[in-house]
Amino acid sequence: MEGTPQRSIISTRGLTKHYGSVAALTDLTLDVEQGEIFGFLGPNGAGKSTTIRTLLGFLHATRGEARVLGMDVGTESVEIRRLTGYLPGGIALYDSLTGEQVLDYLVEMQGREPYRRADLCERLELPPSVLRRRVRDYSRGMRQKIGVVQALQHDPELAILDEPTEGLDPLMQQAFYRILDDLRREGRTVFFSSHVLSEVERLCDRVAIIREGRLMAIHDVGELLARRRRRVTLRWRSGVPDPVTLPGLEDAEIDGNRIIGTLSGEIAAFVRSIASPNLDDLLIEPASLEEAFLEYYADVPAPADTEPDDR
Amino acid sequence: MRWRLFIQTLRWQRVRLAVVILAGIAWGAIMPVLFDAFSDTIRELANSGAFPEEMLNIGSGSLFTLPGTITLGLQHPLALALLGIFAVGASSTAVAGERARGTLEVLLARPISRVALYVSILAALLLAVLLVLSAILGGMIGGAAVVGLVGELDLAQMPLVLLNGFGLWAAFTTFGLAMSVTFDRPGPAIGLSLAWLLVHYFLEILGSLWADAAWTQEYSLLHHFDPGEILTGRADPTDLLIVFAAAVIPLAYALIVFPRRDLAAPA
Chain B
1 MEGTPQRSII
11 STRGLTKHYG
21 SVAALTDLTL
31 DVEQGEIFGF
41 LGPNGAGKST
51 TIRTLLGFLH
61 ATRGEARVLG
71 MDVGTESVEI
81 RRLTGYLPGG
91 IALYDSLTGE
101 QVLDYLVEMQ
111 GREPYRRADL
121 CERLELPPSV
131 LRRRVRDYSR
141 GMRQKIGVVQ
151 ALQHDPELAI
161 LDEPTEGLDP
171 LMQQAFYRIL
181 DDLRREGRTV
191 FFSSHVLSEV
201 ERLCDRVAII
211 REGRLMAIHD
221 VGELLARRRR
231 RVTLRWRSGV
241 PDPVTLPGLE
251 DAEIDGNRII
261 GTLSGEIAAF
271 VRSIASPNLD
281 DLLIEPASLE
291 EAFLEYYADV
301 PAPADTEPDD
311 R
Chain P
1001 MRWRLFIQTL
1011 RWQRVRLAVV
1021 ILAGIAWGAI
1031 MPVLFDAFSD
1041 TIRELANSGA
1051 FPEEMLNIGS
1061 GSLFTLPGTI
1071 TLGLQHPLAL
1081 ALLGIFAVGA
1091 SSTAVAGERA
1101 RGTLEVLLAR
1111 PISRVALYVS
1121 ILAALLLAVL
1131 LVLSAILGGM
1141 IGGAAVVGLV
1151 GELDLAQMPL
1161 VLLNGFGLWA
1171 AFTTFGLAMS
1181 VTFDRPGPAI
1191 GLSLAWLLVH
1201 YFLEILGSLW
1211 ADAAWTQEYS
1221 LLHHFDPGEI
1231 LTGRADPTDL
1241 LIVFAAAVIP
1251 LAYALIVFPR
1261 RDLAAPA
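As you go down the protein sequences, you meet chains B and P in turn.
The first sequence begins at 1 in my numbering and counts up one residue at a time.
The second sequence begins at 1001 in my numbering and counts up one residue at a time.
Bear in mind the hints are in silico, worked out from the structure with no lab data behind them.
Think of the CB as a built atom: it goes at the ideal place given N, C-alpha and C, for glycine as much as any other residue.
Among the clues, some could well be false.
[Unchecked claim] Between beta-carbon pairs, the in silico distance windows are:
1) B:Arg133 x P:Leu1163: 44 to 50 angstroms
2) B:Pro170 x P:Ile1256: 54 to 60 angstroms
3) B:Arg13 x P:Thr1238: 50 to 56 angstroms
4) P:Leu1127 x B:Tyr19: 36 to 42 angstroms
5) B:Arg132 x P:Ala1245: 44 to 50 angstroms
6) B:Gly111 x P:Leu1163: 33 to 39 angstroms
7) P:Arg1234 x B:Thr75: 25 to 31 angstroms
8) P:Val1199 x B:Thr75: 37 to 43 angstroms
9) P:Leu1160 x B:Thr75: 42 to 48 angstroms
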């Protein structure tokens, strides 16, 4: 993506939503570029769903502006939704219809052909025999799969997915991740909210952190992971070196013939420094994104002037 | 107006609609039969003074004439129930029910404005109401034919009866749908819509039973649909104006309020 002009698919400026005296969202300013998978992270009640619902025109902003696909969410939300696929969190479907009828109904309402349906159903293991069953007989995971298909079957320019992997088993989560990878390769944009850091790490190009209705930061996931600390364990046959001579190693402890510590930054110099026939074993455990965030935000206070809510 | 939503709304109701139409035909057909069988007896009862005549009427209807019997049949609680299934029940739950189930946001994620959604659902429900009303009136004509009394009805006036009746029940339908777009749960919407119908029924019955309270009937929408008067050539155009005005006001309210509402995540 670098070096090519980017078009903002989602752009908000000072977007604010109050419910009476409760601030659900305060001064949200962010840009999501074409072709990226943008993660929107935050705990429950942080304002993720409020943001999404405002982008889709379900909620009216108290202040600020938002544009999706270059269109104003306040006045052009119908056209925005024509080009968008949306998966609500904890999706509800029409229980009396079969899965196939639900998909037919929703794609007809969308006014586009279900270009991707067959592929999505195959990858998410929704064979015709399952689609012919009534939704009321579906498990939560199957409903979620139908939710994913209805959001993407018409090949939207932008997919807005609210907690998309909730209810999916690990195999289906992997299948879903591969679907999003393919969408990215095809230049589609994905905006998804999650509180699962591992899937953000797996999928996203950038991630925004929202807390109590306020945007805390926007990170490039690659950069965040590059500067994370790694847990290192070294075991020596003999001649345990002085840890201070090992570049990048911090918080080192010597335990017999082992050195345990954390490594941050570039690892090349560290690897060169430990190259020795006396080295018996080396274990480098990559810190998860979760740990990276915990490190990053350990000293960041929560916004004090907003009230948490459960939206 | 979105045809797909219009059709789907009717599909949701199709079994109920078929049953209610059959029941409506049966109910309509039985009214002329009752008139044929009991009108003389009731007339004698009234003439005997054993019962005040008011007690033998229901609302603006009576069993003393066939047109009066038709009015009675359309103001009877059973007719109100048949028509209310769509004008009150289906309308008040149409949007609030989808909202409570969480399917409204799936629907509104499509490129459909809230106005188009409202109009599509309203059109489907009005068609259902029209079909039920037609079934009841059709049953009445059929019943009159069976007992050989169809000649007592001025069938040329039937379209006006249908139009006036449709206006009346459109007023309850638009009110129910207005409540449905106002609340996030169907309970309050159903409650208020049902209360609205019952208030009008109460005012109509109260005025018909108690001469001193006859003025209350003027405030009942049900009073402004009197097939007996229409079929005897005494139609009052004001009645049409009143019922259609009563239909338009909630419609206008809903078209203003619904697009401006915040639809927060369902609980």
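Hint-by-hint comparison with the structure:
no.	hint	verdict
1	B:Arg133 x P:Leu1163: 44 to 50 angstroms	holds, 45 angstroms
2	B:Pro170 x P:Ile1256: 54 to 60 angstroms	violated, 49 angstroms
3	B:Arg13 x P:Thr1238: 50 to 56 angstroms	holds, 55 angstroms
4	P:Leu1127 x B:Tyr19: 36 to 42 angstroms	holds, 37 angstroms
5	B:Arg132 x P:Ala1245: 44 to 50 angstroms	holds, 49 angstroms
6	B:Gly111 x P:Leu1163: 33 to 39 angstroms	holds, 35 angstroms
7	P:Arg1234 x B:Thr75: 25 to 31 angstroms	violated, 52 angstroms
8	P:Val1199 x B:Thr75: 37 to 43 angstroms	holds, 40 angstroms
9	P:Leu1160 x B:Thr75: 42 to 48 angstroms	holds, 44 angstroms
Violated hints, in rising order: 2, 7; the structure is consistent with all others.
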